[in-house]
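Peer 1: Given next are the chains, with one letter for each unit.
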Amino acid sequence: MNPKLDEFFKSERSRVFEPGPYFTQRVMAQLSGHLAAQRENGIWDGVMAGARPVFALAMVLLLGFLAIQLFLPDNMPERGPIDAVLSPGQTDGEHLIFTGADPSSPELEKMIIITEDGQ
Amino acid sequence: MSFEPELVVRAQAGDGAAQEELVRQFSPMVFRLVSRFFRHREDVEDLAQDVFFKVFTRIDQVRPDENFPGWLRRVTINTCYDELRRTRRRNAAFEIYGPQQESEPVAAVEVASEPGDFGIARVALEALDPKLKIPLILKEVEELSVAEIAQSLGITQTNVKVRLFRARKKLAASLGKVAEDRRS
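For the record, the sequence lines run as chains H and F. Start counting the first sequence at 1; every next residue gets the next number (the working numbering). Start counting the second sequence at 1001; every next residue gets the next number (the working numbering).
Treat the hints with caution; some may be incorrect.
[As the list claims (entries may be wrong)] Using 30 Å as the maximum straight-line C-alpha spacing, the simulated DSSO-like pairs for lysine-lysine come out as follows:
1. F/1131 - F/1170
2. F/1161 - F/1054
3. H/10 - F/1131
4. H/4 - F/1169
5. F/1161 - F/1177
6. H/10 - F/1177
7. F/1054 - F/1131
8. H/4 - F/1170
9. F/1169 - H/10
10. H/10 - F/1170
11. F/1131 - F/1161
12. F/1131 - F/1177
13. F/1161 - H/10
14. H/4 - F/1161
15. F/1131 - H/4
16. H/4 - F/1177
17. F/1169 - F/1131
[Claimed, not checked] Which bits of chain H does chain F cover? Going by a derived footprint, with three or more residues having C-beta under 8 Å, they are:
18. 4-10
19. 15-24
[Claimed, not checked] Some chain H residues judged to face chain F by a derived CB distance under 8 Å, without partners named:
20. 27
21. 28
22. 30
23. 31
Please keep in mind that the hints were generated in silico from the structure rather than gathered at the bench. A virtual CB, placed ideally from N, CA and C, is assigned to each residue, including glycine.
Excised from the complex, chain H in its bound form:
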């Protein structure tokens, strides 16, 4: 190797810093501060930093599922208004109510009026 470089590396060997008198206390203070923060943080510190988003997503999904189970009624109506409009099995009366069309014949109109009056 270049002799000048050799000399340079030799000079670098003597360039060393020594720890200051309070270095140990600084390290111990930082460490105890970290331990105190860890105790405050609780459950999240037990989970690895990389796994936290996955853990959070799993919690949200689980809570969401539980909420749906709790708040949705057990007995759902079999047919809603949209089904009634789309369904080919609807009666003439249902068709008139859901589509708002005019009765196809005067007899049907009369029948509906009589039914409504009866109720």
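Following the hints, complete the assembly by docking chain F onto the known chain H.
Peer 2: Frame of chain H; chain F shown alone:
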């Protein structure tokens, strides 16, 4: 250095006195290693503190049969490597996006203040990629063997030899360039 492995076991159990003793015993070694890569006392102190913080937060990873000083050296070198890479990225970003300065670059001012050609050598060494700079410093300044460097960096001995060869080649080329710039 005489060292009681019992201290590590006690430190793993959370014994503060043992942790303090480990810092006291090994801080000169950590400071010496960090000083090889950083020139300012404040940087060296902060990094040495980072090293011990990492050591005690991961001390569970030390196996009873493991060589603690060797493990500590590995943590120290890795910490220095990360910081050198961060500094290099920061400097590169500053050169691209930072304010344009008319004044003389800091490196040039520092070169002029150093005796002989050491300033040129230092600038050339600073310009090396940390991947090449670290093995070179460990070999030439810290006088570690290739096997020890490989163990510290977690790479093969062949890889260390290749990096040393490239580092020397690049350093020689940079030295020539800096000397030429200085003459012109």
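Peer 1: Check each numbered hint against the structure and report the violated ones by number, ascending.
Peer 2: Of the numbered hints, all hold.
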